[in-house]
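Visitor: Chain A is fixed; fit chain B onto it per the hints.
Protein sequences, first through last, are from chains A and B.
For the first sequence, the residue numbers in the working numbering are 1 to 308.
For the second sequence, the residue numbers in the working numbering are 309 to 481.
Rather than coming from a laboratory, the hints here were simulated on the basis of the structure.
Small disclaimer: the values here were computed from a predicted structure and weren't measured.
Any given hint could turn out to be false.
Taking lysine-lysine pairs in the BS3-like style, the calculated list, with each CA pair at most 25 Å apart, reads [what the hints assert, rightly or not]:
no.: 1; chain 1: A; residue 1: K135; chain 2: A; residue 2: K202
no.: 2; chain 1: A; residue 1: K241; chain 2: B; residue 2: K480
no.: 3; chain 1: A; residue 1: K167; chain 2: B; residue 2: K480
no.: 4; chain 1: B; residue 1: K480; chain 2: A; residue 2: K138
no.: 5; chain 1: A; residue 1: K241; chain 2: A; residue 2: K167
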Amino acid sequence: ECGHISLPASTVRLGDSITASCTISPNCSHLGSEAQILWKLGTELGPGERQRRLADGSQESTITLPPLQHPRALLSCCLRWENTLQILDQAELWAGYPPAAPHNLSCLMNLTTNSLICQWEPGPNNHLPTNFTLKSFKSRGNCQTQEDSVLNCVPQDGESRCSIPRKHLQLYQSMGIWVQAENALGTGKSPQLCLVPMDVVKLEPPTLWAPAPSPEVAPPQPGCLLLHWELWKPSLYIDQKCELRHQPQLGEASWTLVGPLLSQTLQYELCGLLPSTAYTLQMRCIRWPLPGRWSNWSPSLILTTAQQ
Amino acid sequence: PLGPASSLPQSFLLKCLEQVRKVQADGAALQERLCTTHKLCHPEELMLLGHALGIPQPSLSSCSSQALQLTGCLHQLHSGLFLYQGLLKALAGISPELAPTLDVLQLDVTDFAINIWQQMEDLGMAPAVQPTQATMPTFTSAFQRRAGGTLVASNLRSFLEVAHRALRHFAKP
Chain A
1 ECGHISLPAS
11 TVRLGDSITA
21 SCTISPNCSH
31 LGSEAQILWK
41 LGTELGPGER
51 QRRLADGSQE
61 STITLPPLQH
71 PRALLSCCLR
81 WENTLQILDQ
91 AELWAGYPPA
101 APHNLSCLMN
111 LTTNSLICQW
121 EPGPNNHLPT
131 NFTLKSFKSR
141 GNCQTQEDSV
151 LNCVPQDGES
161 RCSIPRKHLQ
171 LYQSMGIWVQ
181 AENALGTGKS
191 PQLCLVPMDV
201 VKLEPPTLWA
211 PAPSPEVAPP
221 QPGCLLLHWE
231 LWKPSLYIDQ
241 KCELRHQPQL
251 GEASWTLVGP
261 LLSQTLQYEL
271 CGLLPSTAYT
281 LQMRCIRWPL
291 PGRWSNWSPS
301 LILTTAQQ
Chain B
309 PLGPASSLPQ
319 SFLLKCLEQV
329 RKVQADGAAL
339 QERLCTTHKL
349 CHPEELMLLG
359 HALGIPQPSL
369 SSCSSQALQL
379 TGCLHQLHSG
389 LFLYQGLLKA
399 LAGISPELAP
409 TLDVLQLDVT
419 DFAINIWQQM
429 EDLGMAPAVQ
439 PTQATMPTFT
449 SAFQRRAGGT
459 LVASNLRSFL
469 EVAHRALRHF
479 AKP
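Next comes chain A alone, as it looks inside the complex:
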C-alpha cells in the first residue's frame, strides 16, 4: 500500500471540521525522501499543516480540514511525480445531521392484504444515508409492559411506510409501535403508538346500487330513491354501521349526510329529494360498536328521482 488516509470518522456534522493524516510508505519507490504530500479536497489542493518522517521511513502529513459545508466530499492524498499529480489514496467524507425523530406515525389494519400498514413523516433531510425501522412489541392494555417483541419491519428504500404481516400480529391484543431512524451520527425515535390492530381496521367501501324495477316492488315516490347496498364481503364477520351522502347534480350543491344506517338493511328508501333530479350517491362504513376507521366513500351511484 503506497499511501493511506486515516480519519477519526468518515461522517461529521455539517459545519464541523476534521483532522486527517496520510502516510506514504517508504516502498512507494523512486520518490525523494522529502517528497511533499499534498491534499486535495474537492478542487482545493494544498499541503497539510505538518509533515514528518516516521521511524520506519514513511512520511506522514496531517491536515485539519475547514468546516465541511457539503454533504459529500472526496479527500485525496497526493504527491507530485514527474510533473504529474499522483493520487495515492482517497477517502469519502460525509457531512450531515443526526436524524430527526420521525413523526405523525399512523397505522391501519388492511383486511385485503391482511397486514398492519403504518406510515410516518421522516422529518427534514439530514443529508446522510438514514435507515428507518418500524419496531413493535406485543403488550396489554396501554402498552406499559412489553411482552413478545415483533420482528422489525424494514421499509422499501426511500419509503416511509411499512407493512407488518398477519403472522406477526395478534389482531385483538395491544401492541406498542414506533419508528426508529438511524444514521452515522445518531438515532431518532418517534413517539410510541399503542394500538389494537383490529381497532384500526379500515374496511373497503360497500357496494351501492339501485334495485332493478320489478312488479313486486312499488316504484319510489316522487322525490324519493330506492337504494340497495352490500357490505364488502371480507368484512361480513364485523358488525358495522354506514352512512350515505347525496348531492343533486345542480351547480355547486353540497353533500347531505344520512346516517347512521345499519349495515344489514336490504333496501332503503331515500326521500325528501327534489323530483326529477339526478343525484350522486356514495356510502361508507365503519366497524361499530367496536372501534375502527371509516372506509373510503364508495364509487358514486347516479340516480334520478321520479317526476312530480
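Guide: Relative to the frame of chain A, chain B by itself:
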C-alpha cells in the same frame, strides 16, 4: 338455567363475538376448499377414519344453555381453542392449495385463545400454569391430513356455534 348476563367487559364480549364469526368464516373457507379441491365435502363419510385417527373433541358443557357457567365456560372455551390450535398445526402440509387458508385459520384461532386467556388473567380466573398441548393425532398421509382437516373444520364449526350462543348470552345488557 340461564343466569343473569355476565360481569365480563362488553368490549371483550363484542370482540369475542367478532372473533367467533371470523373463525367461522375461515373454517367455512377451509371446508369449501376441501370440497372443491379434494372432493371431501361430507364429514359424516369420514367418521370411521376419524375414530381411527383419534381426533379429540373438546367439551363445552359449561357453555351449554342447560348449564351455563361463566368461569367454567371461559376455561372450556380457551382449552378448546388451544386444542384446535394444536389440531390445525398437526394438519400442516395438508396441501399447497389449502395451506394459506389453514394458516389464516390457525392464526385466528390462536388470537382468539390468547384473547380469552388474557381476559381470564385480567379477571384473576386463569389457572396458574398455561395449558400444555395434548397428544395430537398423527396423520400419516396427505389424504389423512385432508380427511382430518374436514373433520376438524366440521367439529370446530359445532364448537363455535355453542360458543357463539354462550357469548351472546353473556353480552346481553
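Visitor: Indicate, hint by hint, whether the structure satisfies it.
Guide: Consistency of the hints with the structure:
This hinted pair checks out: K135 of chain A and K202 of chain A have alpha carbons roughly 21 Å apart, not beyond 25 Å. Restraint check: the Cα-Cα separation between K241 of chain A and K480 of chain B comes to about 20 Å, which is no more than 25 Å; the hinted pair holds. Annotation: proposed proximity of K167 of chain A to K480 of chain B is violated, straight-line Cα distance about 33 Å (limit 25 Å). A distance of roughly 30 Å separates the Cα atoms of K480 of chain B and K138 of chain A; the hinted pair therefore is violated under the 25 Å criterion.
Simply put, K241 of chain A and K167 of chain A have alpha-carbon atoms about 28 Å apart, too far for the 25 Å limit, and the pair is violated.
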